[in-house]
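Position 55 of the sequence shown, counting from 1, maps to 55 under full-length UniProt numbering, and the rest follow consecutively.
Don't read these hints as lab results, they were simulated from the structure.
Each hint should be verified, as a subset may be incorrect.
[What the hints assert, rightly or not] Derived DEER-like restraints, expressed as beta-carbon distance ranges:
{"id": "1", "residue 1": "201", "residue 2": "80", "range": "41 to 51 Å"}
{"id": "2", "residue 1": "10", "residue 2": "199", "range": "38 to 48 Å"}
{"id": "3", "residue 1": "22", "residue 2": "98", "range": "32 to 42 Å"}
{"id": "4", "residue 1": "92", "residue 2": "30", "range": "18 to 28 Å"}
{"id": "5", "residue 1": "27", "residue 2": "191", "range": "23 to 33 Å"}
Here a beta-carbon is modelled for each residue, glycine too, at the ideal position from N, C-alpha and C.
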Amino acid sequence: MTDAAPVGHPGSLGLIWAQARGGVIGAGGTMPWHLPEDLAHFRAATMGAPVIMGRRTWESFPDRFRPLPGRRNIVVTRDPEWADAGAEAAGSLDEALALCWASVSVPESAPRATSSASAPTDVARTSSNWRGDEVDAVGAASDVWVIGGGELYRAAIAHADVLEVTEIDLDVNGDTMAPEIDLDVWRVASVDAVEGWRTSRTGLRYRFLTYARS
1 MTDAAPVGHP GSLGLIWAQA RGGVIGAGGT MPWHLPEDLA HFRAATMGAP
51 VIMGRRTWES FPDRFRPLPG RRNIVVTRDP EWADAGAEAA GSLDEALALC
101 WASVSVPESA PRATSSASAP TDVARTSSNW RGDEVDAVGA ASDVWVIGGG
151 ELYRAAIAHA DVLEVTEIDL DVNGDTMAPE IDLDVWRVAS VDAVEGWRTS
201 RTGLRYRFLT YARS
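Please take these sequences and the hints and turn them into a complete structure.
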């Protein structure tokens, strides 16, 4: 797979996901694990930025967490009649990106969220028992994020500037896979602050990786 260099745009585009061994990112419309540290990492990384997602990803969130707070929620759908409170509909990834680039304004030193301790919680990585009481290392800053699902990731990776990936040391069956990361195109730019694997309070081992274009 070759991920061609993205066409120039006025801001940076990131893809963010969590994956188990073998690249599994979902099963039956949910994530088949509970990793609160990843949920907090996701929230801190994406807060304040537009997030682009497919309709099934949007519908996978519990009602009380739609839209994701503090972010512009753009839903890609082929249904021109689709509408839902708190979401902007786009007919394609290109249309969603155009909506974002038309309004993005990036200060040279834009602040990024580093803690959610005093902010409202959400379950941007679908999980009904997310408490949102801690944040681990925040990875790369991006002006716009694609947050799923698998089809949208595969379409968006050619446009992306950064990939923020949580690797989970878990064997699990799933029906939704992460996009392939071509290591001729992408390089690991950083591992999180502890330089390797962490252990969640749920017992899962995980780590945060940031990929940049080579």
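Going down the list of hints, with the structure as the test:
{"no.": "1", "hint": "201 x 80: 41 to 51 Å", "result": "holds, 44 Å"}
{"no.": "2", "hint": "10 x 199: 38 to 48 Å", "result": "holds, 40 Å"}
{"no.": "3", "hint": "22 x 98: 32 to 42 Å", "result": "holds, 34 Å"}
{"no.": "4", "hint": "92 x 30: 18 to 28 Å", "result": "holds, 26 Å"}
{"no.": "5", "hint": "27 x 191: 23 to 33 Å", "result": "holds, 27 Å"}
Violated hints: none; the structure is consistent with every hint.
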